Structures are given as structure tokens and as C-alpha cells.
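Engineer: Line by line, the protein sequences are chains A and B. Residues in the first sequence are numbered consecutively from 383, following this note's numbering. Residues in the second sequence are numbered consecutively from 383, following this note's numbering.
Hints in this document: simulated from the structure, not taken from any laboratory. Since this is a predicted model, take the numbers as computed values, not measurements. A hint or two may mislead.
The list cannot tell twin chains apart, which means a pair is met if one copy fits it or any two copies do.
[Said to hold, decoys possible] Derived DSSO-like pairs: lysine-lysine, alpha-carbon spacing no greater than 27 Å straight-line:
id, residue 1, residue 2
1, K415, K467
2, K415, K457
3, K415, K577
4, K436, K425
5, K520, K577
6, K462, K436
2 protein chains.
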Amino acid sequence: MNVAVLLFEDFETLDVFGPVEVFGRLTDLYAIKFYSLNGGQIKNRHGVSVLTEKLENINTNLEIFFIPGGWGTRKEVENKLLIDKIAEISTISKFVLTVCTGSALLAKTGLLDKRRATSNKRAFSWVITNGTNVTWDKKVRWAVDDKYYTSSGVSAGIDMALGFLSDRHGIEFARQVAFEIEYNWTENKDNDTFKAV
Amino acid sequence: MNVAVLLFEDFETLDVFGPVEVFGRLTDLYAIKFYSLNGGQIKNRHGVSVLTEKLENINTNLEIFFIPGGWGTRKEVENKLLIDKIAEISTISKFVLTVCTGSALLAKTGLLDKRRATSNKRAFSWVITNGTNVTWDKKVRWAVDDKYYTSSGVSAGIDMALGFLSDRHGIEFARQVAFEIEYNWTENKDNDTFKAV
Numbered sequence: 383m384n385v386a387v388l389l390f391e392d393f394e395t396l397d398v399f400g401p402v403e404v405f406g407r408l409t410d411l412y413a414i415k416f417y418s419l420n421g422g423q424i425k426n427r428h429g430v431s432v433l434t435e436k437l438e439n440i441n442t443n444l445e446i447f448f449i450p451g452g453w454g455t456r457k458e459v460e461n462k463l464l465i466d467k468i469a470e471i472s473t474i475s476k477f478v479l480t481v482c483t484g485s486a487l488l489a490k491t492g493l494l495d496k497r498r499a500t501s502n503k504r505a506f507s508w509v510i511t512n513g514t515n516v517t518w519d520k521k522v523r524w525a526v527d528d529k530y531y532t533s534s535g536v537s538a539g540i541d542m543a544l545g546f547l548s549d550r551h552g553i554e555f556a557r558q559v560a561f562e563i564e565y566n567w568t569e570n571k572d573n574d575t576f577k578a579v
Numbered sequence: 383m384n385v386a387v388l389l390f391e392d393f394e395t396l397d398v399f400g401p402v403e404v405f406g407r408l409t410d411l412y413a414i415k416f417y418s419l420n421g422g423q424i425k426n427r428h429g430v431s432v433l434t435e436k437l438e439n440i441n442t443n444l445e446i447f448f449i450p451g452g453w454g455t456r457k458e459v460e461n462k463l464l465i466d467k468i469a470e471i472s473t474i475s476k477f478v479l480t481v482c483t484g485s486a487l488l489a490k491t492g493l494l495d496k497r498r499a500t501s502n503k504r505a506f507s508w509v510i511t512n513g514t515n516v517t518w519d520k521k522v523r524w525a526v527d528d529k530y531y532t533s534s535g536v537s538a539g540i541d542m543a544l545g546f547l548s549d550r551h552g553i554e555f556a557r558q559v560a561f562e563i564e565y566n567w568t569e570n571k572d573n574d575t576f577k578a579v
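The following block holds chain A by itself, in its conformation from the complex (with noise of 0.2 Å):
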């Protein structure tokens, strides 16, 4: 499956990159690539800079669209071009994926209208402002409706990530790779021991 991985600037570190190593390293399964508005480097704060291609060169093949959030988020809500641009690769990818604040962009297309979707615990208040329409669910670990998987704050995304390969490849199989990173897993979605403040 090809991944297509959104980044802009000052995207979160972790959100993006736990999931890549979950499906980076299933490299007969997976292949990722990163993408961005115009192309070029994307930097954030945490001083990562990351080589990215233009949006624009996604093909109609896509099978996962990957959308991270951080403090980014805020500023690219009202940016109508990528807005839009996320509409139209979302609806043509077979599988969404969001971590964190990464909904707010999903939601502000309008795609997640009447769907249950979550985000980061701690910025909810914020989010649902860009998707009235959106049945958030503010416990869960993550959340699946139907094509679209929306995960809580940044670690959160390992567990959907994991939790994605479950739904596709088994609970064993997921399990496997969580033990080879050595990572303890939330298995259960609606098991999160944090809450929405």
C-alpha cells in the first residue's frame, strides 16, 4: 500500500513519525512518501526538516492518506488551496489517517460531516470548531467510520497506526511489530487512559 504522508510547517514531530516507523519498517507491505502543498523542505520547531514532494504529484492509486497535526494546524485550517487539496486526495485515497490536531484539517473539508472522529485531548475545544457537523468522540484512543481513522495526541497515533494493521493483517501481526519496537500498545481503541480536558 502507498502512504502519502501530509506535512507542512511546524507539523508535530511524534505524530507523524511513530506511524512511519510502524509502517516503514513492513517495507514488502508499505511504502511511504512525504508530501507537501508546493514541495521543498518542511521544517517545525522541534528543528526537523524534512524533503517533501509537491501534493500535486499524488496519483489516482493512492491507498493511504496520512495527515498529521501539530501547531501548524492552526495557521492551515485557513489556507483554502491545501484545504481543498486534502478534499480531493482524501476522497480519491482508499484509506484516511489523522493523528491529533490533524482532524481539524480533515473536518474543515467537510469529509468527516455526521462520521465519529476524535483528536488531541487537550485541544478539543479548538477542533470542533472546524466541524460542527462532526460527532466527536472525545475518550476514545482513536476512531474508525468506515474509510477514515482519526487518532487522540501525538503517541496516540503509534496505537491507530498499529491498531490499522490489526484491522487489515490481524491482531497477531500487529502485536508482532509492536513487540518488535518495543512499544506497549493500547490495543483497545476505546481504552485510553487519558482524558479531554
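Could you slot chain B onto chain A? The hints should help.
Structural biologist: Leaving out everything else, chain B in the frame of chain A:
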């Protein structure tokens, strides 16, 4: 504190970006830069390509030298130029942190001799060949010996980074960071659920 992150071809994604998330979000306390032997874009098999500076640009005021693991370490332990540079920088750095098989690179310098250290639970048989005078501890989530922090595989780097914060700023501070990134932190370094194989 300045944090210099060493990258090399085929570094492990989460080894790097778990701790980078932990330190990176504390912009008032930690400043992260990425380095490699020759500078430029450094790639891994997960499709990640990160921009780095040359290691020789590191000044003598370094506070944290960070060494990740990954498949690339198998090749880099034989790279005398790199190992010599790691020895030089580790000596001047106030602290040295390794994740996963990054401890093999550090062990190769001889600086871990007679010190307690750990590594990836599934790579010990290879790692120990790079430091036969190291006191390898196969049980812990991470080990601390004077200025040297070494962690077990991949995700354990996040626990170690939080442990480092705890040692410097107190456990409540570290717990707050874990809370913010919604990470279920293994607070006790001796309490690892993963076993060496």
C-alpha cells in the same frame, strides 16, 4: 541545552523522533540540531530524508550528544572516521544518550568500557560484540551510568528521554510532558515488559 542528533543512512525513524518530540517541544530548555559525518540529506528505508549539518560543525559547548540505532549501525560500526568522531564528540559532550543499537556505535569507541549499558532486546548477540568490556544489562528499559544514558529498542528511547527530563527537572515535570504527548510512560527504568531474546 544544545542537543546534537547524529544521523547516518538507515537510522531507525522512531529511535530519533521519539526523543526529538520530548526534547523538541521544550523550546525554552532544549535546542535540537541534526548532524551527519558529511552533512546534507540523510535517508532511511522508511522514506525519510532529513537535512543535516556536518559533525565537524559541533562546537565544544555541546550538552547532549544523541545517537540512534537502526540497520545502518551494522555498517557504521566499521566506519572508523565516524567512530573516531563519535569518540571525540562524546568526550566533550556533557551527556551522551543512545537508543537501540546506537549503543553499539558508542561501545565501539571504548567509552562504555566497564560501564553499565543496554540496547535493543533483539539485537544483543550482535551489539555485545562491539563492546566486550561493557557491563551489558539485558533487562532494563534504559540504563544510566554517569553521563551515559542508553536505552532499549526503538520506543524505549521515549521512556529514556522522559527519564532524562525527570533526572534534570523532577518527575512531575517529566510526567507533564508525557501527559502532553499522551504517552504511557514507563517511569521505572528497571521495569521493562520486553525480554531479551
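Engineer: A separate judgement is required for each hint: does it hold in the structure or not?
Structural biologist: Okay, the hints, checked on the actual structure:
no. : hint           : verdict
1   : K415 with K467 : within (17 Å within a copy, 32 Å between copies)
2   : K415 with K457 : both (23 Å within a copy, 25 Å between copies)
3   : K415 with K577 : neither (33 Å within a copy, 33 Å between copies)
4   : K436 with K425 : both (15 Å within a copy, 18 Å between copies)
5   : K520 with K577 : within (8 Å within a copy, 35 Å between copies)
6   : K462 with K436 : within (16 Å within a copy, 38 Å between copies)
Hint compliance for this structure: hint 3 is the single one not met.
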